[in-house]
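Asks: Sequence:
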Amino acid sequence: MAPPLHTFTAQLTALTTALVVASAAPAAAQDAEAAAFRGSSMVYRNAMTAVSADASSELTYNPVYTMSLSLAPRWYLAGETYVRAGTSVSRELTDSDWTTQQGEFILGDTTLGVGNSQLWVAPVIETAFSADLGVRLPTSKVSQARTLQVAIEPRVGISRTFPVLKGLSLGYGFSMAADLHEYTTGEIESPRIPGCVVDCERHVNTGVRNTRWRMSHTFSVGLGIFDWLALGAGAGVHTHWLHPAMAVEGQSFEPQADTNTRHYVNYDLEATVTPFSGFAIGVGATTYNPQQQPDSAYYDPVFNRFTELFIDLRFEAAGLASLGEG
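Position 24 of the sequence shown, counting from 1, maps to 24 under my numbering, and the rest follow consecutively.
Just so you know, the hints here were simulated from the structure itself, not pulled from any lab data. Being a predicted model, the structure only gives us computed values, none of them experimental. Any given hint might turn out to be false.
Stated by the list, open to error - Derived lysine to aspartate or glutamate pairs resembling EDC-like cross-links, with alpha carbons at most 16 angstroms apart:
| # | residue 1 | residue 2 |
| --- | --- | --- |
| 1 | Lys141 | Asp109 |
| 2 | Lys166 | Asp109 |
| 3 | Lys166 | Asp227 |
| 4 | Lys141 | Asp97 |
| 5 | Lys141 | Glu187 |
| 6 | Lys141 | Glu80 |
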């Protein structure tokens, strides 16, 4: 079972979004940085797959249009040290391929974390280092079907801002996460054989192996053009290590590709408009690029059937609070 596309891409664009919004923040938002809840945000997204606009793009027309609401509260304890949480809820307005009911509201996973947004600033080069330790709890149906118990997600990042126009931000992040599952494969709710009473577990297994380890490298760049306009781009390179397959006796003299790893890349492009402090509108595209299509041909990078076009409405707590104080 694959996760819904909008849930996946929302997680991958988090770093790029943060850098783009920061590079374009107006002066009034900077006055709110002392607020303990700075960085807390709510994002309402409307997204559709790019191929939905062309009914002849594939043999079977399958448009996808979704809406989602993401909450990411953050509280700074002292200095740049914070605790955070996050969750989301989404709904597909078109005919869903994976939900049980039409227009079903889907809860995403819940994340909790602690980190420091400016752990150390290197002298001379003025590069900031950050660190974050997060846990992801399986509150989504997808994670529950994969028997996920908890995911431990440490992350480190570096960033540098240059005095170009309203600010040029470059960022890099590295994460090595561990997914802890009850079983090495996913499962369905009930046995495939009706009437099973004893030893039913073997009929519930789906055979699709779960991920044990996940490694990600993310890159982002954000350029503030005006106080109210910023452009951003990002990319991520990801590797997943699966639980090993069952050993099969016999010997093969033909070279075999590694079947225990999965690789994919994501790309993001975005323009952000900030009409006033604490509120921003983001318009862009994001693409998930797995290895191969079902016929073993490679997916086109940057643009393929997984490319999403989106419009975000973002609300930032500290910026809105500064408006009330004014």
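Asks: All hints are to be evaluated individually against the structure, with a verdict given for each.
Replies: Tested hints:
| no. | hint | result |
| --- | --- | --- |
| 1 | Lys141 / Asp109 | 9 angstroms, holds |
| 2 | Lys166 / Asp109 | 35 angstroms, violated |
| 3 | Lys166 / Asp227 | 7 angstroms, holds |
| 4 | Lys141 / Asp97 | 14 angstroms, holds |
| 5 | Lys141 / Glu187 | 11 angstroms, holds |
| 6 | Lys141 / Glu80 | 34 angstroms, violated |
Hint compliance for this structure: hints 2, 6 are broken, all remaining hints hold.
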